[in-house]
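Participant: Chains as they are written, first to last, in our numbering: chain A, 1 to 243; chain B, 1001 to 1262.
Hints were generated in silico from the structure; no laboratory data involved.
Model, not experiment: these values are computed from the prediction.
From the three backbone atoms N, C-alpha and C, an ideal C-beta is built for every residue, glycine too.
Wrong hints could be hidden among the right ones.
Which chain A residues face chain B? A few, computed with CB under 7 Å, are given here [what the hints assert, rightly or not]:
(1) 29
(2) 83
(3) 84
(4) 91
(5) 104
(6) 105
(7) 107
(8) 112
(9) 140
(10) 150
(11) 152
(12) 219
To spell it out: a stretch of chain B is covered by chain A in this simulated footprint if at least three of its residues, at any positions, have a beta carbon under 8 Å from a beta carbon of chain A; those stretches are [as the list claims (entries may be wrong)]:
(13) 1013-1019
(14) 1047-1054
(15) 1078-1089
(16) 1093-1107
(17) 1192-1199
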Amino acid sequence: MLGGGAAVWAAAAALLPLPDYYLPPPTAVLAAFVELVAKGILPAYVGESLRRILLAAVFGLVVGVPIGVLLGMSRRVADFFYPILNFFQSVSGVAWLPLMLVWFGFGERTILIAVNYTVLFPVIFNALLGVRSVPPLYVNALRTLGAGRWRIVTDVVVPGALPSIATGLRLGLAYGWRALIAAEMLVGAHGLGFMIFNAQNFHLTARIMLGMAIIGALWLLLDYFLLRPIEEATIARWGLVQR
Amino acid sequence: MTSVAMTSVARTLRGAAPFVVLLAAWAIVTRAGFVSPLFLPPPSDVLRVAWEQALDGSLWINLAASLGRVLLGIVVSVPLAVALGVVVGLNRRLAPVVEPIVGFFNALSGIAWLPLAITWFGLGWASVTFIMFNTIFFLVFFNTLVGVRTVPRIFEQAVRTMGGSRRHVILQVLIPGAMPSIVTGLRLAIGFGWRALIAAEMIATSTGLGFLIYNAANFHQSDTILVGIITIGLLWLLTDRLLLQPLERRTIERWGLVSNAP
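Only chain B is shown next, with the shape it has when bound in the complex (with noise of 0.2 Å):
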């Protein structure tokens, strides 16, 4: 075994350490009975439940609703915003006016929207997308233009001196300099959206993690919310794990713009 993947297994083991003190304590604390299994039922149960819900494929059925629904909202809204940011923040004149309202926008991202989707499209995944749409749409868009407009004019004069035309200008210069502000907003976009997501799949919606956890408290299913809720982090730290850090190592880190800390 080289160094270099000792260090990563070591790391990994590392990283667990915390997970495994505190499944511990949760056992502890429940096979101790100081708490009544109604509330907080002992791992074993959760990890059951869970067993059972992948067994007979409902985990699963709800897991790939979820994501499809957020892959849905990305697909749906990220090329658009970006598209628009680079368009509007081209234009000095709009760019000024147009700010402020997507930023009125980004601060009304997510669940409020809920009332309205329902009243325009019913319960259900139009409702949601809508919900989605408004929530990443905004915070991609209000990003890329704040990014395209921030790329200081220098380096746009240099390619013009250089013969450069307004299309290099733009591929060459103000999409990659807006990237790291770009994927900042989508790193919020998709954090915004998937809260918003699991609160709209309470309410609106008859599948999805968001479903599971609700429904289940319904019925003072402990187990199965836990279920739910362990699931929901995981796959946010996978989210993390193989979308949002490779891309903002290529952007952001690349740039300089960001510690990696600790």
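Next up, chain A with everything else stripped away, as it sits in the complex (with noise of 0.2 Å):
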């Protein structure tokens, strides 16, 4: 089926008639592929671009999950959060990229700002709807068993909510990796996205597909390196507690 694709491109790309840089055949980007790592400059983008990303990860996973697990213990102080979480992770980093771009500059920060903030909200987010949905159920049969405040958070809460948080941090970091590619397009300063949107002034149509092809490769090995076994080892095991 690959090889199939490929082959109805490379005959597109040779019969139409249209310039190179609209569609270049698949040997081009090929070519592309090995002098832009001859160069160094690929391994050098796609190292900027996962450090940023994998930061984010990191940074959701150790600020954002336990402020929103700490927010879903109270019913009170969730119900208070719940609107303005819901605001904050509806407005994307991208939209907060022109204010930040006043505040920061153009330059490293102003990226890495507006990409953990795209990451942070839907995290804290969904950790916040885990807990809540958590039956209270559990809560009180370890409380009549005479369990501590910080026993049930770590035997039933937060298990309770771990599939919660899971679907937080991949639709976080599905979001966040947009947001990234986005904003090194907008500011410039290396990276993937910075590669593709360049390329696009010179017209050079075979890095773009290059560029493309590995953002979405990439974002597919994080999914499955890093997500899904996150995912599978919390909702399959604890899927249904929830009801």
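With the hints as a guide, bring the two chains together.
Facilitator: Given below as structure tokens:
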């Protein structure tokens, strides 16, 4: 199927009366790959983008999850923060980017803040939702057995909320990855987004397609090796806990 | 006033409370002079700019441009995606081959299409529609396909046994059975599409909310940027309340797949 697709693409590129920058053949994309790897540009940009998104993933996990769990612990607090968290998670980091540009200028800091923001709010929001969806029955059961507050958090609240936390991480990082590409285009400080945007200025379409393929493949790898294991370890194990 | 109406008023008030607190904090911080109004203007300035832009019509033009693009994206992509998803999902040999390919395009959805879109269609609405199509189409297609494939065969066989035709199976088993997944796909598609649109408008168009805020950044007009950000957030909340939640209530929640927390 993939081979067939490549064959159709090659034929279209060869037969259609279009300029080469419009639809470069697959071989041109391959050549761009070899060239950029040899020059060291591609490994550097991939490393840059990966570093940024992994940083945001760690930030979401270490900062977002505890905040969400903490806010979700009390019904009153959760009810209070729910609408405002919903608002902030719905405004993507890219929308804040212009304001960040005014505040921090064109640079690494702006990109990192925009991406971390984008990841953080879906994570907090879903962690809160997850904690709220743990049936009070389980909490009461442990309390009846004499468990302390900490014990309830580690043994009931967090495990019960894990499926929702995993969903939040996955969604947050999916949004964050796209916000990162957009931010790299607009701010222009290296990275894959910068690479494909800059290539457009020079009509280097093979380079654009190469960048797109890598952006898609990297996300699939991230999803497969980082997010899906978390999700499977939680939803598969605890998915039926909720109700 | 009935008790039902009272609880809904009380709920609205409680929902507004955190925004009031945030507004108050924002007003205090800016009025006390902790930050320069160039960086963070007080709420009153933002309100004044919003009012001015509402009166001269520019806010409505940008809002209508963005909303129109989202709607165009939905109208062009969703029917096609659902139809193709059902057709491919029905074919047991084709579906496992198509699924990973659509999955790849899902991973690529959004703003990554922009440079190619500009190369092919230039700056303007065609590029934006192309990006929106690629974002919405593949997400809905993928989720329809997965939804159709996960409908238990026993339901299909039951309808068949009772003399149902292929049409019955499709209309009364597969599509309703896939509905929760389709609606999930729609929610994701609109979420991703809306974000992609804001980013695309910054680069490829000269109208829309994305353009409004990015253009304002060039002139350091923080107040205009905040008008845009708040409008974007409110529009999403409205879309969620008026379109997605009712759809989910009729499909996912009815099927008992979602818990109504908190």
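Participant: Decide, hint by hint, whether the structure agrees.
Facilitator: Verification of the supplied hints:
no.: 1; hint: 29; verdict: violated (12 Å)
no.: 2; hint: 83; verdict: holds (4 Å)
no.: 3; hint: 84; verdict: holds (4 Å)
no.: 4; hint: 91; verdict: holds (4 Å)
no.: 5; hint: 104; verdict: violated (10 Å)
no.: 6; hint: 105; verdict: violated (11 Å)
no.: 7; hint: 107; verdict: violated (14 Å)
no.: 8; hint: 112; verdict: violated (17 Å)
no.: 9; hint: 140; verdict: violated (17 Å)
no.: 10; hint: 150; verdict: violated (22 Å)
no.: 11; hint: 152; verdict: violated (17 Å)
no.: 12; hint: 219; verdict: holds (4 Å)
no.: 13; hint: 1013-1019; verdict: holds (count 6)
no.: 14; hint: 1047-1054; verdict: violated (count 0)
no.: 15; hint: 1078-1089; verdict: violated (count 0)
no.: 16; hint: 1093-1107; verdict: holds (count 6)
no.: 17; hint: 1192-1199; verdict: holds (count 6)
The structure is inconsistent with the numbered hints 1, 5, 6, 7, 8, 9, 10, 11, 14, 15, although it conforms to all the rest.
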